[in-house]
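Given only the sequences and the hints, what does the whole structure look like? Please build it.
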Amino acid sequence: MPAKQFPEEAAIFLEAMCAGSSAIQRFAFGKVGAVQAPRSRSLHEIEGENVFFTLKVVDQSERIGRILGIAENIRPLRAGRQTAAGRRGILPIEQVDLKHELWRLDFREHDVYLLVDRSDPDLVERIRSDPAVYAMLYPEIVRRILTQAIDENVDVEEDDDRWSVLWLRFGRSLHPDRETPPGLDDSEEEQAEWVDEVIQAFCERHSLRQAYLAATHGRNGGDS
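Our numbering applies: residue 34 is where the sequence shown begins, and numbers increase by one.
Mixed in with the good hints, there may be bad ones.
[Stated by the list, open to error] Capping the alpha-carbon separation at 20 Å, the derived lysine to any residue pairs in SDA-like fashion look like this:
1) Lys64 x Glu78
2) Lys89 x Asn106
3) Lys64 x Ile100
4) Lys64 x Glu105
5) Lys89 x Pro71
6) Lys64 x Ile126
7) Lys132 x Ile100
8) Lys64 x Ile79
It is worth saying that the hints were derived from the structure and are not from the lab.
This is the structure we're talking about:
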């Protein structure tokens, strides 16, 4: 939203929300002609980790309250250690009732979610931090997401933050030759080969085989 297209007196608001919740926390950021961040920007009204934002420019002169511009589904860049899906955290986890399943992928318009059954409150933490569980689950999770992303037939060079574009860029960054992801015009064999090469690189980068063996070896008490 280029600022020059809005009146200087138009108000700027940033709204924080969390997936799975109806709560909205609004922050006033002054006016287009005088942007000013609020002193307190704590998300104390928002519960959960999958936070996203909506930026609104609102008329304050002619038709007060009319939305002049809006940018939705703004995601924070997550600093810290490198995760399975990169620093941006493009695989949010959500606990739901899955009945007889332990996990499932949920492909939505803007994001893909890893759904985890909430019957075990420790399951999310185990998926994130247990080397053995992580090593067994994440290669298949990444494989399924990349395969589905190819089916979306998107252009990875687009200025787009849809999950399919972000995941294919992530796959390209992992590919040993940095190859552009195949499209629907490519054969199924070429698509599968590209995904396989990305998964191998993913496992190698995170040393998943070694991490699994070390974790399970320790639990078994080492050599007898």
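> Which hints, by number, does the structure contradict?
Replying inline: 1, 6, 7 and 8
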